[in-house]
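Chemist: Letter by letter, the chains look like this.
Protein chains: 2
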Amino acid sequence: MPDKVLVLMLDGLGDRPSKELGLMTPLQAARKVALDLIASEGMTGLLDPYAPGVPVGSDTGHLSILGYDPKAYYTGRGPLEALGAGVDLRPGDVAFRVNMATVDDDWNLVDRRAGRISTEEARELGRAVAELAEGFDSVLKFEYHPTVEHRGVLVIRGELASPSVTDVDPHREGVRVQMPRPTEGTKAARVTAEELSRFLLRAKEVLERHPVNSSRRQRGLSPANAILPRGGGVMPRLPSLAERYGIRSVVIAGGALYRGVCRAAGMDVRIVPTATGTLNTDLRAKFEAAVDSLRAYDLVFLHIKGTDTASHDRRPAVKRDFIERIDGELRRHLDAVLTDAVVCVTGDHTTSSLDGRHHGDPVPVAIAGEGVRRDDVVRFDEVSCGRGSMGRMRGLDLMNVLMDLIGRVEMYGE
Amino acid sequence: MPDKVLVLMLDGLGDRPSKELGLMTPLQAARKVALDLIASEGMTGLLDPYAPGVPVGSDTGHLSILGYDPKAYYTGRGPLEALGAGVDLRPGDVAFRVNMATVDDDWNLVDRRAGRISTEEARELGRAVAELAEGFDSVLKFEYHPTVEHRGVLVIRGELASPSVTDVDPHREGVRVQMPRPTEGTKAARVTAEELSRFLLRAKEVLERHPVNSSRRQRGLSPANAILPRGGGVMPRLPSLAERYGIRSVVIAGGALYRGVCRAAGMDVRIVPTATGTLNTDLRAKFEAAVDSLRAYDLVFLHIKGTDTASHDRRPAVKRDFIERIDGELRRHLDAVLTDAVVCVTGDHTTSSLDGRHHGDPVPVAIAGEGVRRDDVVRFDEVSCGRGSMGRMRGLDLMNVLMDLIGRVEMYGE
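Top line first, the protein sequences correspond to chains Y and H. With the working numbering, the residue at position 410 of the first sequence is 807, and numbering never jumps. With the working numbering, the residue at position 199 of the second sequence is 596, and numbering never jumps.
These aren't lab readings, by the way, just hints derived from the structure by calculation. Source: prediction; values computed, not measured. Take these hints with a grain of salt, some might be off.
No distinction is drawn between identical chains; accordingly, a pair holds when it is met within one copy or between any pair of copies.
The calculated DMTMM-like cross-link candidates involving lysine to aspartate or glutamate, where the alpha carbons are at most 20 Å apart (straight line), are [said to hold, decoys possible]: (1) 468 with 794; (2) 601 with 503; (3) 416 with 531; (4) 468 with 811.
Same shape as in the complex, but just chain Y (with noise of 0.2 Å):
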């Protein structure tokens, strides 16, 4: 019986047909020998990560397919995200999301990710925000931290934080954003509204003068002079994988979300430096450091972004050519991985290249390796791994299949 398993978890990598794939979804339309091979030596399914027609986000669908149900574990965006950052979060602290967007003199919102501004000069704007929070005056403490692109996290920490804010984040562009509002009658949560209220319109008066944004205004591009949060939590406690598994797991994701989720569960963090969250990523150096740590390792989850990017920006083709790179680079290990590994190729959703959003639709899965049964499917898509042998099944249950596979799970009964 094999005694490691290698999750490659691909984002948003459930689709549907388009026209413009002669009625196929990306996965259908590409070329693809590794995780077909996946499918055709193993068996496959479908998964609904929730629960079928239900879109989750990124954060709820990895909770779901690491086994941790939602309903119990989840706490907002902004804990997870801030744990993903390396933020060291202690009971208590409240963490929100944050996207560095670009704002109109009456705050209307014009671009939630502020034209897509790259990673280096959102960190040096996020510098400055980073040293206004240091330095506000205030009952509570800020800290800031920029993640990847326009993402970042704000923590705020003291007696009378609270989550209970109303996102300032409105999810759609040429709306009016609305500073923070309680959510409850406690104090903490007037407090926090308040003082957030204040620290993000002086964020707006640091990022306008900022030389980052003259630049971007000179060259035609969005300021980025906003930051809006959204999903304020605290940090949730979760029975980690050792506990509940006696394993030991690492994450290797350029996202700070995924991390922080698996960081969340208990696994170590493998940092790849040219992993970067997005479709120009180093495909091969996040495989060859996943095959590497299963030396170490009893799981090992590699999580690729870039097939998310490509559904959100609406580009079906892109996704199908970038499932292709990410198969050609898992082709050069597998054979060797399944020598003594168990291999298992899902998504954490299904997101739509037609419209460029989330949806409920289930995610295919397939598991290959010593002692895992054969079905008859032959190819790993959403429509061929809806014959196989394991059904339409709830992401909840996918962690303990795989570590029933390499004997880990406690019988119940006797």
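Since the structure of chain Y is already known, use the hints to place chain H on it.
Modeler: What follows is chain H alone, placed relative to chain Y:
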């Protein structure tokens, strides 16, 4: 992305194979073009209206498929039937489903449906029962509403009205009818049982001597000489489909129950005067009304009862022929509808035309439209759809799946 959904709900659609049809189900035996086209161009699967192997009624089946867990919202058939009959139920009102039946002098049940009495005759008899109710001297207020054929609704109002009494209808012929008994120790249950018993005995006297029954006896038909309440309950409060999904929705159905469940879900009711809720319904008018309703509504729910009626009558060939008629009417509109709507066809439960009873076998489901995944199933029936890419899912999840296809389900997480 399409922004409309047409649900074609064929009551009691699922069936079991019969020798009469060469070991096929009526759906397998039917020659059908439009239904198979939906399967060919879309995705298919099997739906357990409630749970595998659990036969559901039309009420619990419809609640589930509209997304309302009967465990939370089902308080007996009476309130839904009453809503469907246009009765204005107020909080605290208790409603019972009622059969007009034939009993002998000792209240032994001879015919549960009084020889499938016509709607016209039952209404005339019902008026006499309604008059009795209006003048009935009691601490409770009684109200009687005949609906279709032998069916009716009995409403009991007042502070001491209670749903906690035994069903009077024994559900089986040849058995002695028992007057209602309280099922809990409250004063309301005791008073309701006593007053309801008194009312039922008086109703029998009124019905026995009614001219309609004299005429029926002369023609050799069973008299409708008793009313048998069952399924007592208090009106449930359902969160509407508009609240859940922000949609405008409408039902087209001949039967009172189906209109009632849908009205409870906040749907509008479009009346087609020639829709009868039986095999002789005006299918053409119903389909035309449904297609027309797609202009003003986001969700159109077209319910057809005849498939279930034929099953209860144990006539598989009649069911097959009726399916072919439905298919012919659907065919006239399908291409036009599919240009901007998602079409879903399914049933609310299996009714076996072998034994005329509801069963817990799953029902087939097929969904087609722009952006819907295509599997390689090309026939719409209980067996072919079992190989479809939707797998086997719960009825409770269907509405999320449909609403997600038109982008109406909010993301859980970010």
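Chemist: For a quick check of understanding: which of the numbered hints are violated here, in increasing order?
Modeler: 3
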